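Each chain, letter by letter, is given below.
Number of protein chains: 2
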Amino acid sequence: MTDAAHPFDRALQLQTVDAGTVRGTTRPDWANMVGPFGGITAAVLLRAVENRPDRIGDPLALTVNFAAPIADGDFDIALRAARTNRSNQHWMLELRQGDEVKTTATALFGLHRDTWADDESRPPSVPAPEDVAPGSFVDAIVWPKRYDMRFAEGPVPLRAVEPSASSTTTLWVRDAEGRPLDFAGLACLSDVFFPRAFLRRGKFLPAGTISLTTYFHADRTEIEAVGADYLLASAHANRFSRGYFDQSAHLWSRNGRLLASTHQLVYFKD
Amino acid sequence: MTDAAHPFDRALQLQTVDAGTVRGTTRPDWANMVGPFGGITAAVLLRAVENRPDRIGDPLALTVNFAAPIADGDFDIALRAARTNRSNQHWMLELRQGDEVKTTATALFGLHRDTWADDESRPPSVPAPEDVAPGSFVDAIVWPKRYDMRFAEGPVPLRAVEPSASSTTTLWVRDAEGRPLDFAGLACLSDVFFPRAFLRRGKFLPAGTISLTTYFHADRTEIEAVGADYLLASAHANRFSRGYFDQSAHLWSRNGRLLASTHQLVYFKD
Numbered sequence: 518m519t520d521a522a523h524p525f526d527r528a529l530q531l532q533t534v535d536a537g538t539v540r541g542t543t544r545p546d547w548a549n550m551v552g553p554f555g556g557i558t559a560a561v562l563l564r565a566v567e568n569r570p571d572r573i574g575d576p577l578a579l580t581v582n583f584a585a586p587i588a589d590g591d592f593d594i595a596l597r598a599a600r601t602n603r604s605n606q607h608w609m610l611e612l613r614q615g616d617e618v619k620t621t622a623t624a625l626f627g628l629h630r631d632t633w634a635d636d637e638s639r640p641p642s643v644p645a646p647e648d649v650a651p652g653s654f655v656d657a658i659v660w661p662k663r664y665d666m667r668f669a670e671g672p673v674p675l676r677a678v679e680p681s682a683s684s685t686t687t688l689w690v691r692d693a694e695g696r697p698l699d700f701a702g703l704a705c706l707s708d709v710f711f712p713r714a715f716l717r718r719g720k721f722l723p724a725g726t727i728s729l730t731t732y733f734h735a736d737r738t739e740i741e742a743v744g745a746d747y748l749l750a751s752a753h754a755n756r757f758s759r760g761y762f763d764q765s766a767h768l769w770s771r772n773g774r775l776l777a778s779t780h781q782l783v784y785f786k787d
Numbered sequence: 518m519t520d521a522a523h524p525f526d527r528a529l530q531l532q533t534v535d536a537g538t539v540r541g542t543t544r545p546d547w548a549n550m551v552g553p554f555g556g557i558t559a560a561v562l563l564r565a566v567e568n569r570p571d572r573i574g575d576p577l578a579l580t581v582n583f584a585a586p587i588a589d590g591d592f593d594i595a596l597r598a599a600r601t602n603r604s605n606q607h608w609m610l611e612l613r614q615g616d617e618v619k620t621t622a623t624a625l626f627g628l629h630r631d632t633w634a635d636d637e638s639r640p641p642s643v644p645a646p647e648d649v650a651p652g653s654f655v656d657a658i659v660w661p662k663r664y665d666m667r668f669a670e671g672p673v674p675l676r677a678v679e680p681s682a683s684s685t686t687t688l689w690v691r692d693a694e695g696r697p698l699d700f701a702g703l704a705c706l707s708d709v710f711f712p713r714a715f716l717r718r719g720k721f722l723p724a725g726t727i728s729l730t731t732y733f734h735a736d737r738t739e740i741e742a743v744g745a746d747y748l749l750a751s752a753h754a755n756r757f758s759r760g761y762f763d764q765s766a767h768l769w770s771r772n773g774r775l776l777a778s779t780h781q782l783v784y785f786k787d
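Quick note, the sequences are listed as chains A and B, same order.
My numbering puts the first sequence at residues 518 to 787.
My numbering puts the second sequence at residues 518 to 787.
Treat the hints with care, since some could be wrong.
Pairs count within a copy or across copies, as identical chains cannot be separated in the list.
When the alpha-carbon atoms are kept at most 20 Å apart in a straight line, the in silico SDA-like pairs for lysine to any residue are as follows [what the hints assert, rightly or not]:
| id | residue 1 | residue 2 |
| --- | --- | --- |
| 1 | K720 | V655 |
| 2 | K786 | S604 |
| 3 | K720 | D631 |
| 4 | K662 | V618 |
| 5 | K786 | D636 |
| 6 | K720 | I658 |
| 7 | K662 | G719 |
| 8 | K720 | W633 |
| 9 | K786 | D575 |
Source of the hints: derived by calculation from the structure; they are not laboratory data.
Quick caveat: nothing in here was measured; it's all calculated off a predicted structure.
With these hints in hand, go ahead and build the complete structure from the sequences.
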């Protein structure tokens, strides 16, 4: 593998093993509490499909199921197009270490075409990123250092605080080193939110994403137009119940275009 | 196969083919414009996992990718547990007819346990189902006849109408013959909404769900408590763009508990 300049591109480097398998390696730059940040796993799975010469179109939907922690080191991604249509393609993926499946995923790629269009989403009204102070995550966790995050609402409860009645976090976020956005970068950012239960309980507790689904509304041109600028990202939970909660989130460009909708189911203990 | 009494149970009848394959058949009761209603396909995939003696716990998350129309007749479902943990299990499924993959899916099952809980969702304020007139779908489509649907907001535009500024539909819905709710029934109802583009354009147009994800918040006890009563179901789109739009929806019990959150990506032409 060549040594890519940026930590994100390094984490997405993949070697071909055989016609249906590629190999990557975890990178310390993206370490989470246990194993790598879920966002970088989503990104590397998406990239495995993007790299395929027989791939049709651009990412439309990605579901990643985090079945077990990925250990530091090499991993294999087995992928195949389960169905190829004229204008879209359905991929199935498994990330394995040795004989163990660590992650499963499905990815839908497809062609865009001109249609009637409308953005019905409404970004929350917040100050410009330049007017919000840079935020901080827990210092011991590495991956957040890859981003410039500015919390307009619902920051990380770094010290135990009063439980909040709202699970909503809204932040401006961009790559810390100015890497321009691409589809894989957007997939990575779809998991940028800390667990919503932290806000509702006013403290940290054991929690982890178990299934993540992202819908890509933006096409390639729109993503390239973002460049390295901030995205506005807002997430909330709908229900916490018997060990699990969901999260729905949206990622807008600075000019208020919805680039992605993303949802997840999270395990928690409390 | 024995002849189950209710159309839903008939559609969910599965025969064992081998250790990793079961066989079902499409039922005219659930016909959509082309092929069966997506909800019944989601339900039969979930049921295939539910039937497995080695299955752990109850449904937590289900993603179904509609890769190609299912033809009338038999279909095979290949399924396997990609990963079994102590408290959850990750399933991968493929629905095939002959050599062709028609649907792919992932399903997460797991155990519930007592934790702090809160329902942060807010059901829309609408009249009781008894005070809303029964609604109608297009008469030529069969599956909606399986349900008693009462539209409080955003009914089907049966005649061409003015485009609406809102993509929201809110309805009360229950099984037309009083079948009590179960997990498969909830999976089916997660696809009960007609395409949001119909409201925004004030007309019918070609559209179809391509990926559907449902998170099950309710446990078995809570679902059984619903019985055959109405659910309140509300759906909206976030963005329509270049051939695709997303939909986010929520299904509450009459007493306002969020039973499921469900999201989908839809293809459309206009």
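For each hint, the structure was consulted:
1. K720 x V655: within (12 Å within a copy, 51 Å between copies)
2. K786 x S604: between (43 Å within a copy, 13 Å between copies)
3. K720 x D631: between (47 Å within a copy, 18 Å between copies)
4. K662 x V618: neither (28 Å within a copy, 42 Å between copies)
5. K786 x D636: Classified as between: cross-chain Cα gap 16 Å, same-chain 37 Å, threshold 20 Å.
6. K720 x I658: within (16 Å within a copy, 51 Å between copies)
7. K662 x G719: neither (23 Å within a copy, 47 Å between copies)
8. K720 x W633: between (45 Å within a copy, 13 Å between copies)
9. K786 x D575: Between copies, since 18 Å is at most 20 Å while 37 Å is not.
Violation of the numbered hints given earlier is confined to hints 4 and 7; the remaining hints are satisfied by the structure.
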